[in-house]
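Student: With these hints in hand, go ahead and build the complete structure from the sequences.
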Amino acid sequence: MTASPQPSGRSFPGSGLAKGLAVTLRTMTKKTVTAQYPETQPDLPPRTRGVIGLFEENCTVCMLCARECPDWCIYIDSHKETVPPAAPGGRERSRNVLDRFAIDFSLCMYCGICIEVCPFDALFWSPEFEYAETDIRDLTHERDKLRDWMWTVPAPPALVPAAEEPKEYAAARKSADRTAAQQAAEAATAARPEPTRPEPARPEPTQPKPDRPEDGDAR
Amino acid sequence: MNDVLDVALRLLVLLVAFLVLPLVVGQAEHKTMAHMQGRLGPMYAGGFHGWAQLMADGVKFVQKEDIVPAEADRRVFQLAPAVALLPYLLVLAVLPVGPGESGSGVHVDAGVFFVLAVMGVGVLGSLMGGWASANKYSLLGGLRTAAQLLAYELPMLLAAASVAMAAGTVSLSGILDGFQWWWLPWQIVGAVVFFVAGLAELQRPPFDMPVADSEIIFGAYTEYTGLRFAFFLLAEYAGIVILCGLTTVLFLGGWHGPWGGDGLGWVWTLLKTAVLAFVVIWLRVSFPRMREDQLQELAWTILVPLALAQIALTGIVKVAIQ
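These protein sequence lines are chains A and B, in that order.
For the first sequence, the residue numbers in the working numbering are 1 to 219.
For the second sequence, the residue numbers in the working numbering are 1001 to 1322.
Keep in mind that the hints are not guaranteed to be accurate.
As the list claims (entries may be wrong) - Simulated pairs of lysine to aspartate or glutamate, DMTMM-like, Cα-Cα distance not exceeding 25 Å:
1) B/K1318 x B/D1177
2) A/K80 x A/D121
3) A/K19 x B/E1297
4) A/K145 x A/E128
5) A/K19 x B/E1292
6) A/K19 x B/D1177
Calculated from the structure, these hints are not laboratory results.
Tutor: Following this line, the structure appears as structure tokens:
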């Protein structure tokens, strides 16, 4: 229309206008990108960072996640328990027991550092995202809720065909082999008529050693 | 008695058309614009693809408080929306939809004159609103409206005069009676000039400098709320219907069509009007707003010479035929 310098040298007057019209017309015939969210669920990639699930059996209360969290949105309470020695004459062990594990999703910025830093694979991303609340305090998810999110965590992606076998496989196979050998041995002993086999000595409660330090917390 | 019934029926049809057609255009704009931008547009109101969106908007507008600014020229301010809307109703009444005497609501001999004069009054609504609002943005919008009206009324009149010359009459139905298919290429330049000038007069994008919402809020309509604001919006869409209908009647042969008898003439008129309305929406989606000086330049240096050339061509061909 108005004489404006054409960047591409000399072109037919009005060709720019026609090009603009063509773009809008072409867009109109294409499928729209709008997602009708509440009616249709979004097609999210499986590794979407929706919510964090806790697999609390793996948690050792090492507190790494809570310490690394930039928002300080992870709350962990625990206490120590003493477990009897596994073998007779062994030493008593102390173990951390999780009392509370909560993530405040009103503070969480979904950076995923807690999941990256967890050495025992107790935290996982879940693609679930519909947990809006009308009260901000309800966004603090306690451990039962975090456990529920765990069930929505998708299976890990398959390894590429030429990949090295994961270490977990070897460990699992080793333990399975050991169990199988043990069962075979037991079956063999059961089959052989061996009358009195001494019962394995029940681990007696050993005397607590007075000089044992209370797990580095001795005063 | 029969006459009374006839008049009542015509008035009813006219009123229904005046209330429905702008809303249809508005809804079409919502949806077309959305799809041209890769969106869906309204999807909820009314259930099926948001067909009742504009009715819902209307209900919302009715509920709003009608505010008149303290410093405003009260009477003029309140009158302006009606001045903007009613002329289009009058034009719709004389627009011949089908062939013959019964094809239009009212038969007016000097149809072209009447229509163009009354359409010019419609713009007066914006001027009144702009001046009476006592708001600098409204005033700027009003003045830009005035400048635009001044610049684009001339090419519009010249283009319409060209058709009137070709038909040898200023009656709208007379022009349609004389229409031949080869008028289309003959008057095509005039048609484009008329359509573009009409768009500018309606202040539709890309000629929406007077209401440029990103720089002068909403031009002359800045201070309006509620139903009066809705009237201005309705006037814009009624204006689209009228402009497209008028272009159809003057340049595209109105109820003439390759198929169907005279009984189906109104279908052709509506169809052509709808296609033109789509073009109006299409232009709005595709082009950015023109600057004020570009607007004036387009009118005075391109449209007016083109319209004059069209008149010269019309005259030459007319003389050659005779």
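Student: If a hint holds in the structure, say so; if it doesn't, say that too.
Tutor: Now the hints, each set against the structure:
1. B/K1318 x B/D1177: holds, 17 Å
2. A/K80 x A/D121: holds, 21 Å
3. A/K19 x B/E1297: holds, 22 Å
4. A/K145 x A/E128: Holds. A/K145 to A/E128 sits at ~12 Å (cutoff 25 Å).
5. A/K19 x B/E1292: With a Cα-Cα distance of about 24 Å, the restraint between A/K19 and B/E1292 holds, given a limit of 25 Å.
6. A/K19 x B/D1177: The hint is violated at about 37 Å.
Violated hint: 6 only; the structure is consistent with all others.
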